[in-house]
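Protein chains in written order, with numbering that gives the first Met the number 0: chain A, 0 to 326; chain B, 0 to 326.
Bear in mind the hints are in silico, worked out from the structure with no lab data behind them.
Heads up, a few of these hints could be off.
Since the list gives no way to pick one copy over another, a pair counts as held whenever it fits inside one copy or between any two copies.
Derived pair list, reagent style SDA-like, types lysine to any residue, alpha-carbon separation capped at 20 Å [to be verified]:
id, residue 1, residue 2
1, Lys30, Lys264
2, Lys37, Thr280
3, Lys219, Asn149
4, Lys102, Met233
5, Lys243, Asp190
Protein chains: 2
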Amino acid sequence: MKLPISIIATGKALPSQRVLSTDLDAQLGLKAGSVEKKSGLLWRHFADNTTSQSQLAAAALHDACAHHDIALDSIDLLICASAIPEQALPYTASAIIAASGLKAGLPAFDINASCVSFVTALFQATALLQTGLYRRIAIVSAEIASRGLNWQDHESSLIFGDGAAAVIVEQGDGRAACIAYRLETHPQGRDLCEIRAGGTHRNPRMGLDTSDHYFRMQGKPVFKLASQLMPSFMQCLFAELDFKPQNIDVVVPHQASHLAMQHIKSRLGLSSEQVIDIYATHGNQVAASIPTALHEAFRTGRARKGQTMMLIGTAAGFSIAGMVLTL
Amino acid sequence: MKLPISIIATGKALPSQRVLSTDLDAQLGLKAGSVEKKSGLLWRHFADNTTSQSQLAAAALHDACAHHDIALDSIDLLICASAIPEQALPYTASAIIAASGLKAGLPAFDINASCVSFVTALFQATALLQTGLYRRIAIVSAEIASRGLNWQDHESSLIFGDGAAAVIVEQGDGRAACIAYRLETHPQGRDLCEIRAGGTHRNPRMGLDTSDHYFRMQGKPVFKLASQLMPSFMQCLFAELDFKPQNIDVVVPHQASHLAMQHIKSRLGLSSEQVIDIYATHGNQVAASIPTALHEAFRTGRARKGQTMMLIGTAAGFSIAGMVLTL
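Isolated chain A (complex conformation):
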C-alpha cells in the first residue's frame, strides 16, 4: 500500500483547569501521592462547565490554522473523530463548524471507533483524497472525559484528561504516504469499557440510572485481551513492509495508561526516544490522545519530513488500529 497523504498542520487545545494529582488526593480524601502512584499522572486538564466539546475542537483547529498560516475557508471537509458526542443528535461535526467559524455548507460528519477514531478517520481522509473530491481535510478529536467519570471508582477515573487536537491533511506530492493500515474490532471485549447511556440501550424508556452515564472499565481483562491480540495484529500491519516496528522513527501510541505506555515500549522493543509519551501531563484523552501526541511530535520537532511514523492504539470496542506513514 502506498496512498499519498501529507500532514500539513496540527494543533491542540487544553481546557484551562490544570488539576494536579495532589489536588485529586485532597478532593478524594486519599493519602498524598496516591493518585500519582495509581495513575502515573502529574496532572491532567479538566474543562469547566462553560466549555463545550465543540469549543475545544474549534480551539485546536484554530491553533493548527494559525501556526501553519492556513485559512479556515480553505478546508474542504471536516471530520469529527471523537469517541463521545456532544449530544445524541445531531452529530458533533456540525457543532464544530458553528464554534470554529468554518463556512456554512461545508461537508462534515463524525467517525467513531472510540479511542482509535482518529486513526480510522485519517485512513478515511486518505481514501477520500484519492477521489479528488476534497483537497484539504481537517480531522478534529475533542473529548471531555471528566463529565463521564465515576469518582467512586478509582480504576476508571484517575487516568483521564480532557482536550482536543486537530490535524489537517492534503494529498501532497506523493512522497508522504500511508504505507500500512489495519483496524480490528473484537466484540468479545465490548463490555470491558463502556458508557451504557447515550443511545437506545439505556434511557428513560428502557430504564436508566445515574451510573449508566459513567464510564466503566475492567482494566485487567482489557489489558489481557490487548496483550493476546497485539502480536498477530502487528504481524498483519507489518506484513507487506520491509522493516520492523523497531525501525520506525516516531511511534505515536494511544496514551491509554501508565502501564500500557510501558508495555508498548517493552513489547515492541522501542526506545523512549522513538515513542511520543505525553501521558503524565495529559492523561488518557480518549480519542484525542493519538492526535494530541501526533501534534506534540510535530510541534516539538521530533517528527520531521521523510521519517516513518506509526500510529497505534487499542480502544473500547474492543478495537485495535494501526497506521504506518512516511511523513
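Take the given structure of chain A and dock chain B to it, following the hints.
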C-alpha cells in the same frame, strides 16, 4: 466523477410490533383518524424492549446475505451508519458484529451524519473500495426512534418508525458507479432537530432532565431551511452531469415526512413512478429510511442494472446529502 461501486445485496428488518395510526389515536386519546391525518402514516413498526438496535441491524444484514447468497465471512468491513447509537461507548458497529455473527477481528466503525448517515457512508465505502484494501463492504443503518419520542409533542412523535437496512457493495466491473456526490452541513439549523442528552452537553454533571432524552423538532423552520437550500444544492450536485433530476430513473429520498415526500416530487418535477415512497407504511426511520427505501427499490424490481439512481435527503445538523449512481 466516476467512481466504480456496485450494490450487490440489500436487506431490511422491521421489528415485530406493527402500530396502526388508529392504535395511536386510541393510546393518545385523539379522535379516530387524527394520527393518520397529521402524520400521513397508515402504520409504523416499533421495537419492544427486548429488541436492540444491533439485533435489528443483524436481521437486516442476514436478510441481505440470505437473499443474495452471500457468506457473512466474505464481508471485509462493516460500517454502521445510524444517527443514534446503541450506547455512548463503544460504537454501535462492534455490537452489530456480535449480534450478527460476523467474524471477530473484522474492521468496523460508525459514521454519523444523522439522517443522511447512509449516503455519507456509501461515499466513504466508494472511496475505500478504490484503495483496494477492502473488496466487500457492508453498510448497516438501524434505528429505534420510538425510544426517544416525546408523546406529548405530536409534531415530533407521530411520524417515526423503527427499522434497519443493510447494503453490501463491491467495486464491480466499472460499469456501476457513483457519478456525483455532495454533502453540506449548515449549522445554523443545528438546534431545529435535536436530542440534547447522550454526550457531554447534558448529563448528570451538566444538568439533565427527562426531556433531554427526547427528540425535539421545529418542523416549520426545518422545512423552510430545506426549501431555501435545496435549489443551489441540486444545482451543485448536477453541475457535472449531462442530465437533470427529472431524467433519473429511480429517486430514493429520505422518507422525512408526508409533506417532505410531496415537496420533493413537486419541487424536482418527479413522477410518482420515479420516486420510492414507503413513508405511509414505514414512517421516518431516521438514518434507516434511505437504505430501507433503496432496498425496496431493488427487492421490488423497480431499480435495475444500468439505470440511474439518486439518493437524496435532509437531516438534523442541518445537513443535505445527495448521490447519483449508475446501477
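Here's how the hints hold up against the structure:
1. Lys30 x Lys264: neither (30 Å within a copy, 69 Å between copies)
2. Lys37 x Thr280: Within one copy only: 14 Å inside, 56 Å across.
3. Lys219 x Asn149: Within one copy, since 18 Å is at most 20 Å while 41 Å is not.
4. Lys102 x Met233: Between copies only: 19 Å across chains, 40 Å inside a chain, cut-off 20 Å.
5. Lys243 x Asp190: neither (33 Å within a copy, 49 Å between copies)
In terms of the numbered hints stated before, the structure departs from hints 1 and 5, listed from lowest to highest.
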